[in-house]
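S.K.: Residue strings, one per chain:
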Amino acid sequence: MNSSMDAEDLRLLRESLAHAVTDAGSGGLRAAVAGFGWHELLAEHPDAAVSTLATLQGEHLTATSLLDDVVLAAAGIKETARVVYPDLPAAEPTSRLEGGTLLVRGVAAATGDERAVVPAVRDGEPVIVTTDLTGAATADPAAGLDPGAGWALVRTESRVRPDQVLDGPEALARWRAMRAAGQRALAYELIAIGRRMLAGAVEHVGTREQFGRRLGAFQAVKHALADVRLWQECAELAAEASWEDDPVEPARLAKILAGRFVRTAAANCQQVLGGMGFTWEHEFHRYLRRGLLLEPLLGSAARLRADLGSRLRTDGVPKLSAL
Amino acid sequence: MSAAPVAAAGEPTVPAVRERLGRWLAEHSAELAPFTELPTDVDGVFASLSRLQRLLYEAGWIRLGWPAELGGLGGPMILRGVVSEELAAAGYPPPFSFGTQEVLGPAIARFASPELAASALPRLLSGDETWCQGFSEPGAGSDLGSLRMRAVDEGDHWRVDGEKIWTSWAQYSDRCVLLTRTAPQEAAHRGITALFVDMDSPGITVSPLVTMTGEADFCSLFFDGVRVPKDRLIGKVDGGWAVAMFILGCERGVAAWQRQAWMRWRLAGLVNEADALDGARAGEAFELVHALRLLSRRTLRSLSDGEDLGVRPSFDKLLMSTAEKYIFDAALEAMPETLLFGGPGPARDWRNDYLYSRASSIYGGAAEIQRNIIAERVLGLPRE
Ligand SMILES: Cc1cc2nc3c(=O)[nH]c(=O)nc-3n(C[C@H](O)[C@H](O)[C@H](O)COP(=O)(O)OP(=O)(O)OC[C@H]3O[C@@H](n4cnc5c(N)ncnc54)[C@H](O)[C@@H]3O)c2cc1C
Numbered sequence: 001m002n003s004s005m006d007a008e009d010l011r012l013l014r015e016s017l018a019h020a021v022t023d024a025g026s027g028g029l030r031a032a033v034a035g036f037g038w039h040e041l042l043a044e045h046p047d048a049a050v051s052t053l054a055t056l057q058g059e060h061l062t063a064t065s066l067l068d069d070v071v072l073a074a075a076g077i078k079e080t081a082r083v084v085y086p087d088l089p090a091a092e093p094t095s096r097l098e099g100g101t102l103l104v105r106g107v108a109a110a111t112g113d114e115r116a117v118v119p120a121v122r123d124g125e126p127v128i129v130t131t132d133l134t135g136a137a138t139a140d141p142a143a144g145l146d147p148g149a150g151w152a153l154v155r156t157e158s159r160v161r162p163d164q165v166l167d168g169p170e171a172l173a174r175w176r177a178m179r180a181a182g183q184r185a186l187a188y189e190l191i192a193i194g195r196r197m198l199a200g201a202v203e204h205v206g207t208r209e210q211f212g213r214r215l216g217a218f219q220a221v222k223h224a225l226a227d228v229r230l231w232q233e234c235a236e237l238a239a240e241a242s243w244e245d246d247p248v249e250p251a252r253l254a255k256i257l258a259g260r261f262v263r264t265a266a267a268n269c270q271q272v273l274g275g276m277g278f279t280w281e282h283e284f285h286r287y288l289r290r291g292l293l294l295e296p297l298l299g300s301a302a303r304l305r306a307d308l309g310s311r312l313r314t315d316g317v318p319k320l321s322a323l
Numbered sequence: 324m325s326a327a328p329v330a331a332a333g334e335p336t337v338p339a340v341r342e343r344l345g346r347w348l349a350e351h352s353a354e355l356a357p358f359t360e361l362p363t364d365v366d367g368v369f370a371s372l373s374r375l376q377r378l379l380y381e382a383g384w385i386r387l388g389w390p391a392e393l394g395g396l397g398g399p400m401i402l403r404g405v406v407s408e409e410l411a412a413a414g415y416p417p418p419f420s421f422g423t424q425e426v427l428g429p430a431i432a433r434f435a436s437p438e439l440a441a442s443a444l445p446r447l448l449s450g451d452e453t454w455c456q457g458f459s460e461p462g463a464g465s466d467l468g469s470l471r472m473r474a475v476d477e478g479d480h481w482r483v484d485g486e487k488i489w490t491s492w493a494q495y496s497d498r499c500v501l502l503t504r505t506a507p508q509e510a511a512h513r514g515i516t517a518l519f520v521d522m523d524s525p526g527i528t529v530s531p532l533v534t535m536t537g538e539a540d541f542c543s544l545f546f547d548g549v550r551v552p553k554d555r556l557i558g559k560v561d562g563g564w565a566v567a568m569f570i571l572g573c574e575r576g577v578a579a580w581q582r583q584a585w586m587r588w589r590l591a592g593l594v595n596e597a598d599a600l601d602g603a604r605a606g607e608a609f610e611l612v613h614a615l616r617l618l619s620r621r622t623l624r625s626l627s628d629g630e631d632l633g634v635r636p637s638f639d640k641l642l643m644s645t646a647e648k649y650i651f652d653a654a655l656e657a658m659p660e661t662l663l664f665g666g667p668g669p670a671r672d673w674r675n676d677y678l679y680s681r682a683s684s685i686y687g688g689a690a691e692i693q694r695n696i697i698a699e700r701v702l703g704l705p706r707e
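If you're matching them up, the sequences are chains A and B in order.
FYI, the working numbering numbers position 231 of the first sequence as 231, with every residue one higher than the one before it.
Take any residue in the second sequence, note its place counting from 1, add 323, and you have its number in the working numbering.
Simulated from the structure, these hints should not be mistaken for lab results.
Any given hint might turn out to be false.
[Claimed, not checked] Within a straight-line C-alpha distance of at most 20 angstroms, the following computed EDC-like cross-link-like pairs (lysine to aspartate or glutamate) qualify:
1) B:Lys648 to A:Asp227
2) A:Lys78 to A:Asp167
3) A:Lys319 to B:Glu409
4) A:Lys319 to A:Asp246
5) A:Lys78 to A:Asp47
6) B:Lys553 to B:Glu438
7) A:Lys319 to A:Glu244
8) A:Lys319 to B:Glu342
9) B:Lys553 to B:Asp484
[What the hints assert, rightly or not] Away from chain A, derived, C-beta distances all over 10 angstroms, residues of chain B:
10) Ala331
11) Ala349
12) Ala356
13) Val365
14) Glu381
15) Ala382
16) Pro461
17) Gly468
18) Gly514
19) Thr534
20) Val560
21) Leu632
22) Glu656
23) Pro669
We put the CB at the ideal spot given by N, CA and C, even for glycine.
With the sequences and hints as input, model every part of the structure.
M.R.: Below, the structure is given as structure tokens:
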């Protein structure tokens, strides 16, 4: 990518972050990267920081996500906090501010800071509310499809003072920046997940034989995986391109294409893995679970396409990615 | 050739050219007005396009990015990607003839003798000539390496006999880039030679074939003892496969970029015209066009920098057909009455483009061939 870092620095960064992530083990990610100067990196070279770390999160299926850091940094919020994202599969805030009451409805990290940043809607306009999640009801994170991911539903209500609420054009701009940064990071993470699925499937069909041939010699198998590979290529280019232009549309497109890639990978790779891929022991289901959980976060591909479609109607076809 | 074309008056960079061209288009809007709508019947399209091409050539726009010795104005090749987009942005349908030029022109520039290239290319660029691509035969489609049209060395010329089919727009063409067999059939793709043939040579019969759009979009060609001078060789004797592969690569290079500019313009029109267009469908169409744009931009940049493309353009080709079919499927869904019952004019354009889009996964290497290439050469799966 046309990173703000040079290629050698980027390679070193990847290597050392990869070590940090592997050594951190479950739960230790935040401390490991903090020691590494993660916040400075995020401020100075967001492209290098996000692409590297989100990719590692996907590859290692980490138990903690640093998505909140990325999203807060994009909004210029320095304090650490948990972000309450919209309910799945929406890409617009689902929390509401009614009178002085904040109705929190969304998805957030199951554990972490008590302080929370909640994008919400008041009278149809986005606002950003800073609140406290102490004692908030989060759904049991140990239940669900991917308990190891560290994400939970949040459902709570609290009274907020006016000084906790940011509104007007500033709130809109911040929310857009947060969403774009989050979509971009999720795109890298989903791509890493899809790549792992594909690598596993390629390895399997390149070795297992049936009917006296390797499975990968059958054209139906080849074509199923070639399609996955096509969407990988598109998703990777879209993630890279999301650092050009104003990020709102490119980030949305990056997330859509990453969603398409991971969904195609999930279906086609699972099929060619056969019974082996259906076992608990095989790694496939772990990537599938994480993919299914993250794909609808900050907008499923299906939802984002519909949002994009209405934007095309009102503003015309955007000019992106100049030659 | 005018001494100082306006296109050359400034920096040869993409943003500078875009800016100058935008200004020029605005200043010449009266002169260009007839080109805001292209006829859809092929005769009309060809007549209209060669006039437009002439104007753009005289101003120098379509000479940018081509070397001076070939009639160009120099500058990096990437400049050749600018014109279609700016035309579309200014409301003129991007001419698909640029695509044809971008498919065959670069091969002549690269593989023909310098004298042949210097005499032939300016005529292609100026729109004085149209060229066609004589690859496919009744017995050789996807398996192009099995082609049979014979070229026999008769001293000072080649004698060519055989048949070609599906040759697009051959009835309007002055020259043909022709693949012939010059070594035994068993040599397969190692026994093919590319020749640059005058379409008015005695012994060539061109029979237009009506495609399912209702237009004669392609032809069959019969060659009966056609004499082709020796200096019309493109590349090496028995080295035609390299030329053919290069041409297929170009189809996925600047030509694909032109195609995506055209698709984007069609999609913008669809969003405008079709109130019933489903939002998610519109979004997905844009998603595909955006992805194609990114693939194609990467290819174009690599070509412009002289990098080897490897098999990457197979992605571009596969997505090109996926996106094109998707857009016109969406158009049919959103405007069934227009497409199915509408009269001449825009309705006919939508209908024709819908029908033509069905071929996009067949011509220039079928989608299955691209998938095979991706599976075998990118993913490393066992060969067929
Ligand atoms: C509109 C249009 C314009 C064209 N213009 C030109 C031109 O200007 N010049 C020129 O030389 N040719 C041209 N062609 C010909 C085009 O390149 C061929 O149609 C193409 O190469 C496929 O060859 P075929 O039609 O013989 O199909 P076949 O090779 O018979 O294949 C038919 C179908 O079988 C399947 N298939 C074939 N091989 C495989 C395989 N290995 N694995 C899996 N599936 C396979 C594919 O679905 C394919 O579409 C044009 C074709 C069209 C439709």
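S.K.: Now tell me if each hint is right for this structure.
M.R.: Hint check results:
no., hint, result
1, B:Lys648 to A:Asp227, "16 angstroms, holds"
2, A:Lys78 to A:Asp167, "18 angstroms, holds"
3, A:Lys319 to B:Glu409, "11 angstroms, holds"
4, A:Lys319 to A:Asp246, "11 angstroms, holds"
5, A:Lys78 to A:Asp47, "18 angstroms, holds"
6, B:Lys553 to B:Glu438, "13 angstroms, holds"
7, A:Lys319 to A:Glu244, "12 angstroms, holds"
8, A:Lys319 to B:Glu342, "15 angstroms, holds"
9, B:Lys553 to B:Asp484, "16 angstroms, holds"
10, Ala331, "19 angstroms, holds"
11, Ala349, "17 angstroms, holds"
12, Ala356, "22 angstroms, holds"
13, Val365, "28 angstroms, holds"
14, Glu381, "24 angstroms, holds"
15, Ala382, "20 angstroms, holds"
16, Pro461, "24 angstroms, holds"
17, Gly468, "19 angstroms, holds"
18, Gly514, "27 angstroms, holds"
19, Thr534, "27 angstroms, holds"
20, Val560, "35 angstroms, holds"
21, Leu632, "13 angstroms, holds"
22, Glu656, "13 angstroms, holds"
23, Pro669, "18 angstroms, holds"
Checked against the numbered hints above, the structure violates none of them.
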